[in-house]
Every structure is written in C-alpha cells, then in structure tokens.
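For reference, the chains in residue letters:
2 protein chains.
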Amino acid sequence: MKKIFANGTDEVAFLADLKKRSGETNKKVTEVVTEIIENVKNNGDKAVKDYTLKFDGNLPQYYEVPREVINDALTEADQEFVDALLNAQEKIADFHQRQVEQSFISAKDNGVIMGQRTRGLHRVGLYVPGGTAAYPSSVLMNAIPAKIAGVKEIIMVTPPLKDGTPNKDILVAAAICGVDRVFLSGGAQAIAALAYGTEEIPKCDKIVGPGNIYVATAKKLLYGVVDIDMIAGPSEILVIADGTANPKFAAADLMSQAEHDVLASAIMVTTSEKLADDTIKEIDRQKEYLSRKSIIEKSLDDYGAVIIAESREKCVELANEIAPEHLEVLMENPFELLGSLDNAGSIFLGHYASEPLGDYYAGPNHVLPTSGTARFFSPLGVASFTKRTAYTYYTEDALRQAKDDIVLIAEREGLTAHANAIKVRFE
Amino acid sequence: MKKIFANGTDEVAFLADLKKRSGETNKKVTEVVTEIIENVKNNGDKAVKDYTLKFDGNLPQYYEVPREVINDALTEADQEFVDALLNAQEKIADFHQRQVEQSFISAKDNGVIMGQRTRGLHRVGLYVPGGTAAYPSSVLMNAIPAKIAGVKEIIMVTPPLKDGTPNKDILVAAAICGVDRVFLSGGAQAIAALAYGTEEIPKCDKIVGPGNIYVATAKKLLYGVVDIDMIAGPSEILVIADGTANPKFAAADLMSQAEHDVLASAIMVTTSEKLADDTIKEIDRQKEYLSRKSIIEKSLDDYGAVIIAESREKCVELANEIAPEHLEVLMENPFELLGSLDNAGSIFLGHYASEPLGDYYAGPNHVLPTSGTARFFSPLGVASFTKRTAYTYYTEDALRQAKDDIVLIAEREGLTAHANAIKVRFE
Chain A
89 MKKIFANGTD EVAFLADLKK RSGETNKKVT EVVTEIIENV KNNGDKAVKD
139 YTLKFDGNLP QYYEVPREVI NDALTEADQE FVDALLNAQE KIADFHQRQV
189 EQSFISAKDN GVIMGQRTRG LHRVGLYVPG GTAAYPSSVL MNAIPAKIAG
239 VKEIIMVTPP LKDGTPNKDI LVAAAICGVD RVFLSGGAQA IAALAYGTEE
289 IPKCDKIVGP GNIYVATAKK LLYGVVDIDM IAGPSEILVI ADGTANPKFA
339 AADLMSQAEH DVLASAIMVT TSEKLADDTI KEIDRQKEYL SRKSIIEKSL
389 DDYGAVIIAE SREKCVELAN EIAPEHLEVL MENPFELLGS LDNAGSIFLG
439 HYASEPLGDY YAGPNHVLPT SGTARFFSPL GVASFTKRTA YTYYTEDALR
489 QAKDDIVLIA EREGLTAHAN AIKVRFE
Chain B
89 MKKIFANGTD EVAFLADLKK RSGETNKKVT EVVTEIIENV KNNGDKAVKD
139 YTLKFDGNLP QYYEVPREVI NDALTEADQE FVDALLNAQE KIADFHQRQV
189 EQSFISAKDN GVIMGQRTRG LHRVGLYVPG GTAAYPSSVL MNAIPAKIAG
239 VKEIIMVTPP LKDGTPNKDI LVAAAICGVD RVFLSGGAQA IAALAYGTEE
289 IPKCDKIVGP GNIYVATAKK LLYGVVDIDM IAGPSEILVI ADGTANPKFA
339 AADLMSQAEH DVLASAIMVT TSEKLADDTI KEIDRQKEYL SRKSIIEKSL
389 DDYGAVIIAE SREKCVELAN EIAPEHLEVL MENPFELLGS LDNAGSIFLG
439 HYASEPLGDY YAGPNHVLPT SGTARFFSPL GVASFTKRTA YTYYTEDALR
489 QAKDDIVLIA EREGLTAHAN AIKVRFE
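Those sequence lines, one after another, are chains A and B. Per the working numbering: the first sequence = residues 89 to 515. Per the working numbering: the second sequence = residues 89 to 515.
Since the hints were made in silico from the structure, they are not lab data. Some hints could be false.
[Stated by the list, open to error] For the chain B half of the interface with chain A, some residues (derived, Cβ under 10 Å), not all of them:
#, residue
1, F93
2, N95
3, T97
4, D98
5, A176
6, F183
7, I201
8, E288
9, D372
10, E443
11, A450
12, P467
13, G469
14, A498
15, A509
[Unchecked claim] Which chain A residues stay away from chain B? Per the calculated CB distances, all over 12 Å, these:
#, residue
16, I92
17, N95
18, K134
19, A135
20, Y151
21, E152
22, N300
23, K336
24, Q345
25, E361
26, R400
27, E401
28, E416
29, A478
30, D485
31, A509
Here the structure is a predicted model, which means the values were calculated and not measured. Virtual Cβ for every residue (Gly too), placed ideally from N, Cα, C.
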C-alpha cells in the first residue's frame, strides 16, 4: 500500500494514473458479442441454447426454472439465512419506498390541464452472474426497487452451476423479492434474448444487473433497443479520516472493497500520518486471515494508497475530485461535512457505518456510479424503473390566448407548418 | 400518404418497416469523430479552432461571445418576439418547477440516519445547432429545467452564422434563460471540448441539445466521460382520432411534424374512414402554402400513413405498440384514454392541444424519447440535471443489532473481508 503526501504533485500523479484504470470494452470482445446478438436476434432460443452448449459444455437442468423449484428453494433453505435476507429486504424496501415519485397535475382556471404521469416499466430483465460472483444481495438491490416502482414482471437470467442446476441462494433471493420468472442462461446471449425476446424468454424494456465483460458489452451495444442500468466499472472506496479514526476499522473497510476484484481501488485520505501508518500495519495483520488475500494484495498494490493531507478541507477537495462510488467519513462530527461532499455514490458517515453495511443491509442501494461518474450519475433506485409521460389539455379559448405567441415563435424558427397547425384552428 | 386498414397484416408490415427508419450512426462518421475527439482531448482550443477553420472556412467573430453582446441582443431585439419567449419561459418554468425532487431523510429512533440528497449538476453544456435548425425554443427547453435543477453554470456552444457572427435569436433565448457563457463553435469538436474541457471552454458534467450526425456520434462516443441526454432520432407524431375530429386540424398537426425532416414520421390511426379520406384531402390542400412542402411530401410518402382501425381500443393498442414521441388524441372524452395510453413521450388531449403548442409554449418539455423508446425513456426534465447521493449513519448499538445478519450474508457470498469489516468493530 503506497503512502503518498498530498503536496500538489504526488497525489495528482497517483489520481491521474488511477483514471486510466477503468475497464474499457475491447475490440475483440465487441466483435464476438456483436455476432452473438445478431444470432440470438435471428434464431432466438435455438441460438441461446447453442451458445450455452458451446460455452458451458452442457445444457442446464431447466431452461426456465419451474415455479415449484423456486418455491422449494425458499422453504428448504436454512432459516437463519432466509431471516437475514428478509431483514435486509425490509430495510431496503423501507428506504426505497421513500424514493417513489408522485405523478402530478396542474389544472388552471382557464380549463388548461397539464401533468406528468410516472409509471413503472412493464417488464425488466435482471442478470445475475454465475460462479463466485453470484450474489443474493444483488438480486435484492435490483428487484426491490423495480417492484416498488410498479414493474409488472421481472425476468431473471442466471447461469447454472457447473452441474447444470440452479444456484439455490439466488433462487431464495428471487423468491423473497417476487421475481416472476427465472431462466438458466448467462452471457451475452442471455442479454440479447432479454432485449429482443425469444419464443420462451419475453422481451424486456430494461436490463439491469452486473456481469463480466461480455455481458457489459452486450448491454452497451443494445442500449437504445432496450434501456440499461449503468455500465459499472471496478468497485471503489475512498475513506477520509482524521485522528479519531480507528486504524483497525479503516484497514478492514479498505480491504472489504479491495477483495472484490484486482481492479478494485481502495484509498484513504487522512489528516493523521499516525493513522496512515497504523492502518497499513493493520492491513498487513488482518489480510493474513482473509480468504481473498491475493486479490486484496494485488488491488491494494496497484490501485490503493494512503494519502496524507494537511486539513479536513483538503480531504473534502480530494473526495470531490475522485468522486468515489463509496465514501466513508471516519471523522469527528461527520455530518458537518455532508454539505461539502458533492460527488459520491453513497456516503457512510461515522465510525460504525462500515461500507459492507450498505452492501447488504442499511437500505440505500449498492448499485452505484463508479470511475468518477458520481459527478453526474446517481445510484440505482425506484426512478431507474419508471418512465414519465407528460400530458396537456387545452381549451379553445386558452389556445386562442396563446395563439399569437406560438405563431410568432414558429415563424421566427422558419417552421410554417407549426404555425399553420395553430392557425387552422381559428380560420 | 398511404391509407392502410388495420387488418392484422397491412399495419403490421407498415410498422415493421417503420422500425428500420431510425438513423443509425455510420462507420465512416464514427472514424472521423473519433479522430476529432482525440485531437481536441490532446490539443484543446487549438484543435477546436483548426476544425472550425477547416469545416467553416473562417473563424467566428468571437470564440467566446462577450457578455455585453448577449445583453445587447436582448435589449435590441424586437419586443414582440422577446415577449413571446418570456411568456413561453413562464409557462415552461411553471411546469418544470413541479418536477423538483426533494431530498429526504429517514431518522430512526435507534439513532440511525439515512437519506438521499438531490442536487443540481455543477456544469452543463448545451449544444445549439446552426443553420435552419437554430431554434430559440430548444434553448428554453434545455436551459430552463437545468436552472431549476440548480445547475450552477450553463455553457452554450453554437456555430456562428455564415458571416461569423452569432445568431441573434439564439442569444436572446440564452439571455432570457440565464445561460452563463456562449462559445461560437459547432460540430463534434465543440462536444469534445465540453466533455474534456480546454483552456477556454470549461469541462462539463453533462451535454444536452440536438445536433447532426457528427454531434450525435460525438455524444454517444463520449457517454461515460460525461453524461448526455437522449440520442434523439427523427421526430414523430401519432394522431389517434374518431369521427369527432376535424380533418383540417388533423392534417395540419401531421404536417407540423413532417416538416422537420424527410425522416420524420406522421401517422394517424382512426376509427373513421371518412376522417381518413378527408384528412388526406386536407393535407393536399394545406401543403401547397407551406414553405417546407417538399420535405413534408417526402416524409409523408416514406414514413406517413393513415391507418383505419375498428375501435378505440385498437387505436390505443397501436399507440402503445408504436410508443410515439408525440401522441395526439383527437377524440371525444380524451381523458378516458389517458390511463390506457401507456407508452408515449408527451400526450396531447383533445381538439385544441395541437402538438406545436407543446413544442413552444404549454409547459412540458419538447425533448422527448423517439423511435419507440418511450417504452422506457422519459422526457427531458429537472431530473435530467440532478444527481442523487445516498448517505448512511449508524450508531455502534444499531450496527451490533445488524451484525449477525450482515456477517451471515457476506460469508454466504464468500466475501470474508466484508464480514471482517463488521466483525473487527466488536472485537
């Protein structure tokens, strides 16, 4: 873990390097995925199944997982695990309920009525990766806001385990969240099937959920045919800390992001050089007993740093520049900083709001903007699953009053057919 | 203008053809634009100015238009035009004010605090095309919601007129809406300058506004470096009408969209064959006196149709399938249909809500999802110019209560460093 002094040169060089990290789509992958998309668009389920056979070596136990298999997964699951997920669901739902946007109407005394209607999307596709990245928490974070938004149908696609059976933990999460249908299919072919629809897999309006580079590239290429969530980059945490922070906590929180991926980035900016040194020591101590030690070491070496800054203000300035996905404030009176922390996906305030609390449990979403895009992107939420429609009603009298202004602007813009549409109504 | 009977075959074939219309980016353009972006990224203002010289043949009167020139444009403008824009601004602002999203906080009795903060983006770039597509109304529809969202700075870029001077009508609209700075620069080079920033043009968080295929391609390629609005396709109107509709109005409204572009699409679906025939006659009569007659003829020939359907329900069904940008309901009791019209950017209800009313004046935005994307995209609005940040504060006791659930889920997901971050706090 590098130790850097924020002297106006060293931290600038480090942050510039960091920006080069973001996982670009590559040309070869784009070619492969383009072909897969074309094939699924033209040949539907047959193409999906052919790719499954080609890439996985065998067909899954089910193409669509029967409802009773999903229900059985829930009833047969270890009760402690189910209870933990139900507790998480309750808290996540409570937070997301507050995001619901009301439709509005504006009815004027001249009979004019205008408004905006907010509705859930009709059908959403949810991708859940296989292998070690099959996370039940990801099902919760995507499906709960979709349901609250009023999405009528959630179609989950997920690769089967090596033996062709569905991942039981994923089915449990799907059952808890009311996912409507589950197909055992993964990769770019599953994304294409959700975008265009096949005989068996219904066409969706939006596709969400994380995935490998093939999945991410398929989503990117199909954006516009279908809506997608963000193209998520590698995970990130920035901890800003003062002398009141506990180095044990800081070290543990940094590593909780570093373990995701060798491309993950974990950075601490602190006013205390003692904390910096102690945190590095704690990392060396704690990592020894963590199962993903080698991933943690590589990501901390490549994209981790402890930066020593002269003041709280400098910590805030660097945080706003980095615009991290997760921002922890391990400082005294953390609420004082909330107003000045402008760019972050999710902010964790104080010594007990450890980032994994937000990954699973507290309530806010864990699907967050990465790679500095918190400058302009927002967390996934209820709004991500809605569409707005404006509507306007005018009376003849109200239009007569507005007529001259509209005709004047339209003619000034050289659009005489626009002007004509108003004029013919009064001829 | 084709006349089609909705018999389950003919209208299906027509709509399938229509879907092929959307203006794809092409490979040659992508190559040119990629090079422009690279060059502007590396060489800043010099590259922007070189391209201006190369493409336009001369440099504009100003690179940045001085503030007093913008102010003078407003004070010297024809008062009727200024008043028309001010009236439009008032109505557009009134509607968009209602879209403002409040931040929220959820404070629990165990000391837990969570919330979501909604803030305007820091700086937004607004592209305004030159030539015949330089529309003051476009400035209003983009800048007003940005200002209401709390955007601190709006940077407009727009190509100069042929003689190198700024378009006065655009400056008037910019002055009225409080646009902060205006640069006379167009094309992909202006978009790249807004995305990366140059010495003179500040780096923006989001770029909005219409443009030609070079501008649209640059926005698409830079998405992620910067946020963008929709990639707008050619304009569309769908009119659904019954026997109560006036064929004069229907014809005029269809042509008001058709005049935009030879790729525009204007379709009527009606329960009345008499209305269909009379509307076609009215189009032939009215188009004779419209300045864009040849564009209207071409777009109606290629992408226009009058479809005769057996019932109101069938009209609604086709409307939901087409998911048009603009949807007019020229029917009796139009409000009865509002609930069943699921997919549309903006709905115009009744015989006096002519679509150009919405383009300029009524209040709802005129930047709308095209090409069937109203299934999942929404109109431009205040939310387009905001970012949300979640925040979480937990007490030690609250985390202790949640601890076992979080650790259990984390370990089940194989993420031991996540579990560790919670556990070290209670060791």
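Now for the hints, and whether the structure bears them out:
Proximity of F93 (chain B) to chain A is violated relative to the hint, the smallest CB-CB distance being about 27 Å (cut-off 10 Å). Because the closest C-beta pair between N95 (chain B) and chain A is about 24 Å apart, greater than 10 Å, the hint is violated. The beta carbon of T97 (chain B) comes no nearer than 21 Å to any beta carbon in chain A, farther than 10 Å, and the hint placing it at the interface is violated. The closest approach between the C-beta of D98 (chain B) and any C-beta of chain A is roughly 23 Å, which is over the 10 Å cut-off, so the hint fails.
Restraint check, A176 (chain B) versus chain A: the minimum CB separation of about 7 Å is within 10 Å; hint holds. With a cut of 10 Å, the hint placing F183 (chain B) at the interface with chain A holds, because the nearest CB-to-CB distance is about 6 Å. Using the Cβ-Cβ criterion of 10 Å, the hint placing I201 (chain B) at the interface with chain A is satisfied: the shortest such distance is roughly 8 Å. Evaluation of the E288 (chain B) hint against chain A yields a violated restraint, the C-beta minimum of about 21 Å exceeding 10 Å.
Contact between D372 (chain B) and chain A, as hinted, is not supported at the beta carbon level, the nearest pair being about 14 Å apart and thus beyond 10 Å. Interface restraint check for E443 (chain B): the shortest CB-CB distance to chain A comes to about 7 Å, inside 10 Å, so the restraint holds. Contact between A450 (chain B) and chain A, as hinted, is supported at the beta carbon level, the nearest pair being about 5 Å apart and thus within 10 Å. The interface hint given for P467 (chain B) holds, since its Cβ lies 6 Å from the closest Cβ of chain A, which is under the 10 Å cut-off.
With 10 Å as the threshold, the beta carbon of G469 (chain B) comes within range of chain A, its nearest partner Cβ sitting at about 7 Å, so the hint holds. For A498 (chain B), the interface hint holds, since its Cβ comes within 10 Å of a Cβ in chain A; the closest pair sits about 6 Å apart. Hint on A509 (chain B) holds. Least Cβ distance to chain A is approximately 4 Å, under the 10 Å limit. Interface exclusion of I92 (chain A) from chain B stands, the closest Cβ pair being 23 Å apart, more than 12 Å.
Residue placement check: N95 (chain A) keeps its beta carbon more than 12 Å from all beta carbons of chain B (closest about 24 Å). Against the 12 Å criterion, K134 (chain A) stays outside the reach of chain B, whose nearest CB is about 22 Å from its own CB. A cut-off of 12 Å between C-beta atoms confirms that A135 (chain A) is not in contact with chain B; the least separation is 21 Å. Here Y151 (chain A) stays apart from chain B, with its beta-carbon at least about 26 Å from theirs, past the 12 Å limit.
Against chain B, the non-interface label of E152 (chain A) holds: every CB pair exceeds 12 Å, the least being about 24 Å. For N300 (chain A), the non-interface assignment is confirmed: its Cβ lies about 17 Å from the closest Cβ of chain B, beyond the 12 Å cut-off. Under the 12 Å C-beta cut-off, the non-interface status given to K336 (chain A) relative to chain B is violated; the minimum distance is some 5 Å. At the 12 Å boundary, the C-beta of Q345 (chain A) falls inside the reach of chain B, the nearest C-beta of that chain being 8 Å off.
The beta carbon of E361 (chain A) sits about 22 Å from the closest Cβ of chain B, which is more than 12 Å, so the claim that it is off the interface holds. At roughly 17 Å from the closest C-beta of chain B, the C-beta of R400 (chain A) stays outside 12 Å, upholding its exclusion from the interface. Distance check on E401 (chain A): its Cβ is at least 18 Å (rounded) from any Cβ of chain B, clearing the 12 Å threshold; non-interface status holds. With a cut of 12 Å on Cβ distances, E416 (chain A) falls inside the contact zone with chain B, its closest approach being about 10 Å.
Listed as outside the interface, A478 (chain A) is inconsistent with that label: its C-beta sits roughly 4 Å from the nearest C-beta of chain B, within the 12 Å cut-off. With a least beta-carbon separation of about 9 Å from chain B, D485 (chain A) fails to lie farther than 12 Å from that chain, contradicting its non-interface assignment. The non-interface label for A509 (chain A) is inconsistent with chain B: the shortest C-beta to C-beta separation is roughly 4 Å, within 12 Å.
Hints 1, 2, 3, 4, 8, 9, 23, 24, 28, 29, 30, 31, counting from the list given before, are not met by this structure.
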